[in-house]
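Participant: Spelled out, the chains give:
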Amino acid sequence: MTITATLINLYHVCKREMWLHANGVRMEQTSETVADGKLLHETAYPQRSEKYSEIEIGGSKIDFYDAKNKVIHEIKKSDSFESAHEWQVKYYIWLLEQNGVEGVKGIIEYPKLRETKQVKLSAEDKTYLQQIVQQIEALVSADVCPPRIEKKFCKTCSYFDFCWIEE
Amino acid sequence: MRKSYYLFNPGRLSRKDNTLKFTPLDEDGNEGTPKYIPIESVDNLYTFGSLDANSAMYNFLGKEQVSVHFFDYYEHYTGSFMPKDYLLAGKMLIAQSEAYSNKKKRKQIAQKLVDGAAFNMLKNLRYYNNRDKDTLTQIERIEALMLRIPFAEDIETLMGIEGNIRMSYYAAFNVIINDFEMGNRSKQPPGNEVNAMVSFVNSMCYTLSLDMIYHTQLNPTISFLHQPGERRYSLALDIAEIFKPLLADRLIFSLLNRKQVQQTDFDNRLNSCLLKDSGRKTVVKAWDEKLNETIKHRSLGRSVSYKHLVKLECYKLSKHILGIEEYKPFRAWW
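Those protein sequences? They're chains A and D, same order as listed.
Residue 167, in full-length UniProt numbering, is where the first sequence stops; the numbers in between run on with no holes.
Residue 334, in full-length UniProt numbering, is where the second sequence stops; the numbers in between run on with no holes.
For reference, chain D alone in the conformation it holds in the complex (with noise of 0.2 Å):
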């Protein structure tokens, strides 16, 4: 099975014959011993430390449908190479330029994916309320808001109300989270710890998000719920919402709680606090771990990895997109 690689330190990846080569360079230039990777088993890269590559490597990768996640050194997702489409479907095309420029049809598949993000958070929260953690001002409140969604007369409204179901469901972080506070979400850059983690594990979301479309026949730059544009793949932020608290969420209040990332893993400087290297790896690991774990689909009676949980989700779209199926957002039910 093809996987994941993440590359923190900084060296030459090349290709040699038709394998990948990676030779690590310390901060002298030295180069050090060269690892393969056999071609066959990556399924694409992310990269955190600086990488040389020339035109050779990317040729190859494009060939091989790997694509390459780029992180600058704040952490922020910058980009991707990404191989040229292999899945086009001009009807598929049309139809999800359609769904996004006819309006009704545009708010009700963002309503849908509100509504998903909303369900998936409450989830979060009612569990750690039935673990001594006080989060029931803001499941009251989510709730209410939530009722607010069938009536939301233009995307304008519906983003109004996805941004503050957002601000009270962060402020239960503080609740679930142990040792460290959040406070106000802060991004560029993150302020504190938790958004530190916040925005990192967020940006490893949408990446997977991103990989998930580029094996389907869906187009990443039309979105509902986020203008197209936003962001380049806006359509990976509207998936991305429905996983944030099952993939995302859970793993930071994890790894905090259980002291698995400590205060020791973050770099606090002025106006901003950053994942150190170690803290970067051990978020990194777990996240891959995650992706992996499998859990038996309720409608397809087979068991599935949270990572192809994605890519079913895109498969939904396109079915409500083609007018095969009404598109019904993913909760988790457990």
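Only chain A is shown next, with the shape it has when bound in the complex (with noise of 0.2 Å):
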């Protein structure tokens, strides 16, 4: 199986929107968040299209890569979920490392907080992020879908009446 930037995304986030997302069961259609965060990244940067490209890597999409200078640049709409937008980030950069693109530095972008955020790869991260793909192949191919997680941000995924939906 691919596993893809989202799925290290969502592991950060929630396992069970992981395994839903990876065995087709998707929301994203009902998702205003995914809206808008697909309207953030048609308007947020216009000037921007021609000097940098949207490429495909491994199954995975990088919105924004640099070639010249070798940044890759994340959009995001806000940093409630950092730790899982830098493991997104980190996994674009060793994938290219993986093809032989060395030296690569991503940038996490919040235009609606006007803040940036620079994420380099370190050794120790390679290691991390080693270990958690085999945990995800793992948890994805298995039959039994991960319980859902009592989280106050619940209320604003777009699984929450999927998983809180009782009778």
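Hint data in this document are derived by calculation from the structure and do not stem from the laboratory.
Even glycine gets a Cβ: it sits at the ideal position worked out from N, Cα and C.
Warning: the hint list may mix true and false statements.
Stretches of chain A that chain D covers, calculated by requiring three or more beta carbons in the stretch to come under 8 Å of a beta carbon on chain D [what the hints assert, rightly or not]:
id	region
1	22-28
2	141-154
3	158-166
Could you use the hints to bring the two separately framed chains together as a complex?
Facilitator: Next up, the structure:
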């Protein structure tokens, strides 16, 4: 199976969402957050389209890759899942490295917060990614869907109705 | 928010740039003033009048994931234009097929569907029993029949119990509805006013279920209570069972008893009775309003529309099929 950056991200947010997403039970079509993110992606940096480009690598899509400066730009709406965002970008850097592109850096951009965050990939990070890739593979291919997590952010998740409907 | 559009008048529906254009046509084929419908506002279309259209329009609707449901002159649901599936999940399809082909698993789901439907029928009967309509005989009969559900050996037996429950339930319609007699349930064609209402509103409930299934990963052709292939999308029949008492029947009772639909809204012909245009419009308007009504949901703690309840039912069924959580049928709690 292909491990995508989305799965790396979801692994750090909610393992159940990761399982459902990986197994095709998707809810993006009903999610306002996803629609917002898409709009933000399209409108945040209109001048960028020519200089930067969207690339696809190992089944993952990088929003903007600046090949000249070797910088990955990842746009996010808010920093509420910061570590998940970081791991997503670190995974991109790792993928590029595996494909022979060394010395790549990442920037997470929060246009609405007017903030950016630098991301680098360390040796420990690589070991960690190696481990979780295996864990993700095992979790996703298991027949059992992980339990729902009872978090405050469940309320804004597009899977809320799916997870919480009982009778 | 997207909504349903109901096309009663004959005319031509076409694509005009990225908008839908409806041009009404009168009996002599003369064009009226066109109406424009922004595609972003369309959830689905229901067509009752004769509709001219070309493939460019259907390609457009397909791309925008808008389905079109067709009803013939006799108000029968005849079929749908469904855009290609956009939510495919191999794992779900395999699990759903497996839940169907495993006799025990299939029966377990079917039992819950019958039980949920019967519970909701009882809810209606009790409501009217508390309002000077004596439905006690039917309540007791249905309660007795429900006790047999857990012991049903196979789907055929279960369908038999379901049929008997429904017969007792329909017998109470004569008590509940003031000025009309239902008699025996007759369809294709319906024999009297109540039967005409039941047929029409049931088919609206069926298409609603179909629409909701379409927006989930469930496959509409694999059903549990009804035999797959009984109609093309038999899972919609299964899910509609649960909601007919709440959505369809309550609507029929109130429209007839409040005289919103009257004798003059029906067209009585030899051996058949159909809603006239006027009656159909009243019913569809009330139906649409009903679907958008909201209730505070117990387990979600937020307001949801009646329409959304049907989708939630699909989620519960999905979870059951994937082995996440046992399915509990929707039971009206108010």
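Participant: Evaluate each hint against the coordinates.
Facilitator: A quick look at each hint next to the structure:
For the region 22-28 of chain A, the stated coverage by chain D is satisfied: 4 residues place a CB nearer than 8 Å to a CB of that chain, which reaches the threshold of 3. Here the region 141-154 of chain A counts 3 residues with a CB under 8 Å from a CB of chain D, which clears the bar of 3, and the coverage holds. A count of 6 residues in the region 158-166 of chain A with a Cβ less than 8 Å from any Cβ of chain D is obtained; the coverage claim is therefore met, three being the minimum.
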